[in-house]
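Here the protein sequences come in this chain order: A and B.
Quick note: the numbering used here has the first sequence finishing at residue 776, numbered continuously throughout.
Quick note: the numbering used here has the second sequence finishing at residue 776, numbered continuously throughout.
Be aware that a few hints might be false.
It does not matter which identical chain is used: a pair holds within one copy or between any two.
Subject to a maximum C-alpha distance of 27 angstroms in a straight line, what follows is the list of computed DSSO-like cross-link-like pairs (lysine-lysine) [to be verified]:
hint, residue 1, residue 2
1, Lys752, Lys557
2, Lys615, Lys557
3, Lys569, Lys557
4, Lys678, Lys552
5, Lys572, Lys557
6, Lys767, Lys627
7, Lys718, Lys678
Hints are computed from structural coordinates only; laboratory data are not their basis.
Number of protein chains: 2
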Amino acid sequence: MDAPIGVFDSGVGGLTVVKEIMRQLPGENLVYFGDTARVPYGSKSKITVCKYSRQIVRFLQTKNVKAVVAACNTASALALDEIRDEIDIPVLGVVEPGAVMAAETTRTKNIGIIGTESTIKSGIYNKFLHRIDPDITVVSKACPLFVPLVEEGLWEDRVTEDIVGRYLHELKEYDIDALILGCTHYPLLRRIIGQEMGENVKLVNPAYETAKSLKTLLTEKDLLNTTGIDEKEPSYDYFVSDGVEKFISFADDVLSCHVEKAEIIDIESF
Amino acid sequence: MDAPIGVFDSGVGGLTVVKEIMRQLPGENLVYFGDTARVPYGSKSKITVCKYSRQIVRFLQTKNVKAVVAACNTASALALDEIRDEIDIPVLGVVEPGAVMAAETTRTKNIGIIGTESTIKSGIYNKFLHRIDPDITVVSKACPLFVPLVEEGLWEDRVTEDIVGRYLHELKEYDIDALILGCTHYPLLRRIIGQEMGENVKLVNPAYETAKSLKTLLTEKDLLNTTGIDEKEPSYDYFVSDGVEKFISFADDVLSCHVEKAEIIDIESF
């Protein structure tokens, strides 16, 4: 089935998920929407994140997508059930795949989670982890400065090391051996976070796991694109609610392929 | 005239302007709107900031405001002319009063400006300053991390000192003697910024100047509220697009009076 997969995020962070989907599902067509006008979602309420996510899904449906991936942890945490109730195509978030992977990884049954304020407050990772194994202990911490630090380009900086140290200090008091990077920006701080936590803590990147789950889901539902890549190159279309140039520049940094254009969408009208 | 003054901001920062208006115009009724769902504006494009500002002004007009104050530097920089074209009540931003004060202050005719990415990119402070005195040299610098640092409560912190030092380093190479704090959050970092710049640089806070200009404007247009405070306490009404509790808690920290309630508005419908 050659209909595209719709992927959305509050901004540009979801492109890390897109990159993984391109790698693991190279034959699929993609439509990406980044809500760059209303970014960030991480400090917003459930009601607002649900409303914004619904508008985006309605837009993606005009592109005849065969499945929707919420590539934003906050949207996955707050809005996934609501979206699923509204549409009859498969919807996948990044939270469940990340939780499954962390549960498979841990030996101590102590798992750490870092994310935005709204993701952590939602308790959604805890819910999934406890559904998998009620004996798992979850330690979570909101890290509101990580996104601005990444966006300012301070991926390797003494200030970022200082802030990482403060946020993660508490987590180190528990015997965790897996830490979920519960926000699409955080894998960009992987080295500093890894250094702070030590080599006994495995960092779980939900982007990777989500692409894997998506492949399984499409296979099960017989939705994979069977047109060979040799016959037709996959199409990748990008849409944003603001700032096309800034988006393209970031996308070019993150993705392995060059992004030629992105289109502005008046998302509030959906 | 007892109609209220409408004040708006991208979020909570504009409350520093509200505080000054309450102090300098204690007899006026106020209606505040904070766009907490779509905050921040500082990284957004002109077209988006204009659209959001227009929606907010349309909302404020339903409250029969007699004047509008854009208490957000980014909205003042990008959307003021557009708003003025659309409504027939006085509209005041924070940029012009700040520029006037800086021009009055400087002796060296070298003025520094710090603000959000969009405010700095707009070049609006330069335009006003050069209109006042073409001989003024303007040095500007965007400081994207200041708002997240303030919102994380790191007003007095070694990390903030480090970041302030990096952003302001360039400005110190010029012989500036006035620095405009061109974002409503920045006065909260006044001590660290002052320490970095040295005592010969006067820090200009547009919030203070805006309240003064508003008083002059209302006096000239014969719009002051002549009902005495003894007869009737002024009314202050607060509206936001998201997160009432968080707003009230911040407002209580900033304002001298207790905020009892705030109402959520579906601002996209205006």
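Worksheet item: Using 27 angstroms as the alpha-carbon threshold, which applies to Lys767 and Lys627: within, between, both, or neither?
Response: between (36 angstroms within a copy, 23 angstroms between copies)
Fill in: Intra- versus inter-copy proximity for Lys557 and Lys615 (alpha-carbon distance at most 27 angstroms)
neither (36 angstroms within a copy, 49 angstroms between copies)
Item to complete: Indicate which option fits the pair Lys752, Lys557 if close means a Cα-Cα distance not exceeding 27 angstroms: within, between, both or neither.
Response: both (25 angstroms within a copy, 19 angstroms between copies)
Worksheet item: When no copy is specified for Lys718 and Lys678, does a C-alpha distance of 27 angstroms or less occur within a copy, between copies, both, or neither?
Response: neither (29 angstroms within a copy, 52 angstroms between copies)
Discussion item. When Cα atoms must be at most 27 angstroms apart, do Lys572 and Lys557 count as within-copy, between-copy, both, or neither?
Written reply: within (21 angstroms within a copy, 32 angstroms between copies)
Worksheet item: Given a CA cutoff of 27 angstroms, do Lys569 and Lys557 count as a within-copy pair, a between-copy pair, both, or neither?
Response: both (19 angstroms within a copy, 25 angstroms between copies)
Fill in: Copy assignment of Lys678 with Lys552, given that the CA separation must stay at most 27 angstroms
For Lys678 and Lys552, neither the intra-copy (30 angstroms) nor the inter-copy (44 angstroms) Cα distance is at most 27 angstroms.
The structure does not agree with the numbered hints 2, 4 and 7 stated previously, though it agrees with the rest.
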